[in-house]
Amino acid sequence: MPIRNSTTRWGAIAQLLHWVIVALIITQFVLASIADSLPLGLAKLAMLARHKSVGITILGLAVIRLLWRFVNPTPTLPDTLKPYERVLAKLTHFALYALLLVMPITGWMMSSARNFPVSWFNLVQLPDLVSPNRPLYDTLLRTHAALAWLLVAVAALHVAAALKHHFFLKDDVLRRMLPFTRTR
Amino acid sequence: MVGFPRTALRAGSLVAMILLATPSLAAAPRYTLDGPRSLLRFSFVQAGAASTGRFGKFTADVSFSENSLPESRIDVTVDVASLDTGDKERDDTLKTADLFDVAKYPTARFVSTKIAAAGTGRWEAQGKLTIRNVTKDFKVPLTFQVKQEQGKDVGYMTGRVALKRLDYGVGQGEWKSTEWVSDEVTVTFSLRLVPAT
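Top to bottom, those sequences are chains A and B. Residues in the first sequence are numbered from 1 upward in steps of one, following the working numbering. Residues in the second sequence are numbered from 1001 upward in steps of one, following the working numbering.
No lab work stands behind these hints, which were simulated from the structure alone. Treat the hints with care, as some may be off.
As the list claims (entries may be wrong) - Computed list of lysine to aspartate or glutamate pairs in DMTMM-like fashion (alpha-carbon distance at most 20 Å, straight line):
1) B:Lys1139 - B:Glu1124
2) A:Lys44 - B:Asp1183
3) B:Lys1057 - B:Asp1079
4) A:Lys44 - B:Asp1098
5) A:Lys44 - B:Asp1091
Using the sequences provided together with the hints, build the complete structure.
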């Protein structure tokens, strides 16, 4: 598989970034729901610390992914798409990229607002984005949670579209993001 | 008339001058804390990130003069429940039985037993620190200077010292772990001391 993208297929780097981020986002939902179920204590602290570290990792990978996208060709959408489907596809992809950036940043701001500074896996302490402010924290918490559900909805649409392309339209849209497959 | 010998008079005035010029050896000025203009902060590492807090209420009874160190003394009492880390839930957790246990041990205290010079404008106070009813020998490096403010001698004392929370039992049960909350805590202080009346 080529490292770089072509107009018909995603390259190895783009695929790796896509699937690693998928796995990390699933991890984030698991860590967040475990943390939510725990009372304030050491276990919750540990779970949230991991959630923050993984979130910052996603932020870094998302930035790399966008940069890589800008210096590579993007596989073109199939000609069979209707104009509204084209718009919907672009909107969905834009929303997913935006959420990859906005979710971690709102999480990071939440931590700052609550005076719980963020560290990346105990290795690097990140600067605070805002000053401690409880009402701001409450707003950010609701925003972060709402965006998480928006992400679920958009990702569901993204998955449904990929499956439709694969099983009903029988084109290469899904296959070109999968390693070890051949595109027609 | 028999005059008082002039030499004796001179000698007497010389003694008086010396007595007046020599700083008092016995008394170190006594100060009390200007609470609103003093700070007592602590920092610790939580999940890899340095976090800070402060104690809002504490008192100090300080006698200090660099010329009478044996008479100098520092006595600071902290209202532990006044701790503030900028997050109420964390503060409430810190006050529970497994950590500071403020219901049982409402105060922490440092009392010096000896103050020794440690360079220009610097001293080291040796004494006893009590937290959670655990008392240990403790040394505090500090700076002290007196400034004239509206005709009064105001003392400014600052310092920074590290301690291990587990030495004092701040961390029972799961909180004995130092994986997510560091054992080492750094305490910094900046005290404004006004003459005691």
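How the hints compare with the structure:
no., hint, result
1, B:Lys1139 - B:Glu1124, "holds, 7 Å"
2, A:Lys44 - B:Asp1183, "holds, 19 Å"
3, B:Lys1057 - B:Asp1079, "holds, 5 Å"
4, A:Lys44 - B:Asp1098, "holds, 16 Å"
5, A:Lys44 - B:Asp1091, "holds, 15 Å"
The earlier numbered hints are all upheld by this structure, with none contradicted.
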